[in-house]
Amino acid sequence: MKYKLKKELKTVFDAPAPARKEEFINLLEYPKANRLDFFISQIGYIRKRVWILSLLLFIGTLIGLYFSGASYSFVWVVSSVLPFVSLVTISEIARSITYNMDELEMSCKYNLLEVSLIRIGILGVVNLAVFIGILLLLSGKTDLGFIRLGIYLSTPYLLNCYGSLFVINRSKSRDTVYICGSVTALVSILNSLISIRIYDIYLERNRMFWAIAFIMFAVLSLKEIVKFIKRMEDLKWNSSLTA
Amino acid sequence: MELVIDRLSKHYKNKMAVDRVSLTLKEGVYGLLGANGSGKTTLMRMICGVLKPTSGEVKFNGIDVSEEKFRDLLGYLPQDFGYYPEFTAYDFLLYLSSLKGLTRQRAKDRTSELLKLVGLSDVAKKKIKSFSGGMKQRLGIAQALLNNPKILVLDEPTAGLDPNERVRFRNLISRLGKDRIVLLSTHIVSDVEYIASTILLMKNGQIIHKGPLEEIIRPIEGKVFECLVDCNTAEYLIANYPIINVREEKDKTFLRLVAEKAPCKEAKAVTAVLEDLYLYYFNKEANKSEQLYGIN
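Sequences listed follow chains E and Y, in order. Note that the UniProt record's numbering numbers the first sequence so that position 104 is 104, with each residue one more than the last. Note that the UniProt record's numbering numbers the second sequence so that position 240 is 240, with each residue one more than the last.
These are computed hints drawn from the structure, not numbers from a lab. The reader is advised that the hints may include incorrect statements.
What the hints assert, rightly or not - 20 Å max Cα-Cα, derived SDA-like pairs, lysine to any residue:
#1 Y:K178 with E:N111
#2 E:K21 with Y:D109
#3 Y:K26 with E:Y99
#4 Y:K126 with E:I25
#5 E:K48 with Y:K125
#6 E:K32 with Y:K150
#7 Y:K150 with E:I59
#8 E:K21 with Y:S112
#9 E:K223 with E:L128
#10 Y:K69 with E:K223
#11 E:K21 with Y:E113
#12 E:K48 with E:Y30
#13 E:K21 with Y:K126
#14 Y:K108 with E:Q42
#15 Y:K268 with Y:A234
#16 Y:K127 with Y:S112
#17 Y:K178 with E:F24
#18 E:K21 with Y:K125
#19 E:K21 with Y:G177
#20 E:K21 with Y:D179
#21 E:K48 with Y:D91
#22 Y:K69 with E:K21
#23 E:K48 with Y:K127
#24 Y:K127 with E:R47
#25 Y:K178 with E:R20
Claimed, not checked - Chain E stretches covered by chain Y per the calculated footprint, using a threshold of three residues with CB under 8 Å from any CB of chain Y:
#26 42 to 53
#27 105 to 111
#28 146 to 156
#29 198 to 209
All C-beta atoms in this analysis are idealised placements derived from N, C-alpha and C, irrespective of residue type, glycine included.
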């Protein structure tokens with residue numbers, strides 16, 4: 001009966017327009033996403049090219065190993081390609097500044113610093129996974145050993161990380177990524193030239209040279225990463241904004 | 001609801017961009033009016049926590065500008081903003097929703113609502129790079145509203161909008177000012193005149209006047225004159241009085257100017273408007289530019 005009455009009433013009377021609907025909606029507290037949700041959402045915003053290049057490099061290494069075996073020349077080819085992975089990673093981290101999104105991102109709840117840290121974290125893990133994968137594939141096929149091979153492959157990568165971050169931390173231009181691209185090309189060519197010209201570069205007697213270069217570039221890269229994070233934290237880059 | 005700005009300053013190497021600005025803002029629309037380079041953008045950036053002040057502080061209900069809680073209550077439209085090239089309007093709003101801490105479902109709902117509000121529903125799936133300046137500006141306004149902010153800071157929100165769009169946004173901003181603090185900067189005087197409950201006039205990094213329209217134009221009330229004069233009188237008046245408007249009419253010149261008393265017998269006192277006050281205060285700069293570009 002009640003249902004029938006309600007139905008009848010609806011047909012007889014028009015419902016009044018809601019009064020102060022917007023004000024009421026504004027009072028409602030909507031549930032907010034937590035930090036984990038935010039972290040997961042950011043994975044989706046990493047560009048496809050990062051995943052594609054990482055996958056291509058891994059597949060390329062597999063194909064190369066199948067056809068040519070793990071020679072010294074194959075090691076320098078892989079080590080000359082790895083800096084391009086770091087270039088894609090760094091361009092992803094510096095993307096906010098490149099595309100002038102930095103000011104908007106800085107004003108958000110999860111600001112530019114947090115976005116940058118999450119990008120560094122996700123991409124660092126991806127790069128490490130690709131690197132370890134390649135290392136595992138190659139180390140079983142050569143007599144270089146896991147650590148030595150790791151140093152040979154990672155030193156040009158670290159040099160590029162240092163060079164590119166050095167540029168990003170000091171440049172105020174939004175075209176920094178192009179300069180980083182030039183740095184990467186230079187590192188890759190230099191690595192190829194050294195490996196071709198000095199054919200005993202991977203021999204046991206040069207291990208001190210490699211160890212020193214590896215430690216030096218690792219420390220310098222780390223310093224530049226810290227500087228990059230501090231730059232976001234201290235808002236020092238703001239001096240580049242117009243008054 | 002109270003936004004307190006206390007002795008806020010920004011000092012660059014050889015320039016004081018903002019000089020000890022102190023304000024207390026409550027619900028309503030505040031129009032920040034000033035010439036280019038007067039410090040409007042710098043002040044707004046500091047209020048949004050995007051720029052670190054040299055000294056002073058900004059607090060909203062006791063929450064400092066550097067805190068996450070403050071940013072959670074903030075909506076900001078910068079004067080110039082970019083976008084990732086692969087983004088559509090929908091992606092752009094979803095991305096910024098994630099940064100503003102909205103849940104996925106809420107972000108989708110809010111994005112659709114706001115795209116409708118700013119009239120971009122039809123092009124929601126189109127790349128932003130294909131948008132006109134006005135469309136980008138509308139998208140910028142939509143992103144500022146994603147988190148239903150309590151403090152809304154809009155730097156030149158009507159720049160690039162056509163007259164119809166400007167009127168729509170003026171109405172929207174007026175509505176928004178009912179239950180939040182809206183601070184907007186512009187040098188389009190009519191925008192401020194129509195929507196701002198309080199006008200802040202900024203010059204050389206300082207707030208030189210603040211108050212409602214009636215109060216702010218009081219200093220030049222009864223001092224604005226219009227006259228139609230011959231060429232020689234016009235030259236004399238232009239050289240000696242702050243000129244608001246000049247128009248050539250056949251063999252005579254029409255002038256609108258500011259003077260303590262009638263500057264010539266043809267002059268008639270007229271009602272002062274905000275544009276008169278603005279041009280009066282920024283007249284020196286305008287004259288300097290004219291000299292610089294050789295305009296006489």
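Results for each hint:
1. Y:K178 with E:N111: Outside the cut-off at roughly 28 Å; violated.
2. E:K21 with Y:D109: 17 Å, holds
3. Y:K26 with E:Y99: 35 Å, violated
4. Y:K126 with E:I25: 30 Å, violated
5. E:K48 with Y:K125: This hinted pair holds, its Cα atoms lying about 19 Å apart.
6. E:K32 with Y:K150: Status holds; Cα separation ~16 Å.
7. Y:K150 with E:I59: 51 Å, violated
8. E:K21 with Y:S112: 18 Å, holds
9. E:K223 with E:L128: Holds, at about 19 Å.
10. Y:K69 with E:K223: 31 Å, violated
11. E:K21 with Y:E113: Holds, because 15 Å separates the two Cα atoms, which is no more than 20 Å.
12. E:K48 with E:Y30: 32 Å, violated
13. E:K21 with Y:K126: 31 Å, violated
14. Y:K108 with E:Q42: 16 Å, holds
15. Y:K268 with Y:A234: 15 Å, holds
16. Y:K127 with Y:S112: This hinted pair holds, its Cα atoms lying about 16 Å apart.
17. Y:K178 with E:F24: 13 Å, holds
18. E:K21 with Y:K125: 29 Å, violated
19. E:K21 with Y:G177: 16 Å, holds
20. E:K21 with Y:D179: Between K21 (chain E) and D179 (chain Y) the Cα gap is close to 13 Å, so the pair holds against 20 Å.
21. E:K48 with Y:D91: Holds - the C-alpha atoms of D91 (chain Y) and K48 (chain E) are around 15 Å apart, at most 20 Å.
22. Y:K69 with E:K21: 26 Å, violated
23. E:K48 with Y:K127: 17 Å, holds
24. Y:K127 with E:R47: Distance ~16 Å between K127 (chain Y) and R47 (chain E) Cα, so the pair holds.
25. Y:K178 with E:R20: 12 Å, holds
26. 42 to 53: holds (count 3)
27. 105 to 111: holds (count 7)
28. 146 to 156: violated (count 0)
29. 198 to 209: violated (count 0)
Violated hints, listed in ascending order, are 1, 3, 4, 7, 10, 12, 13, 18, 22, 28 and 29; each of the other numbered hints is respected by the structure.
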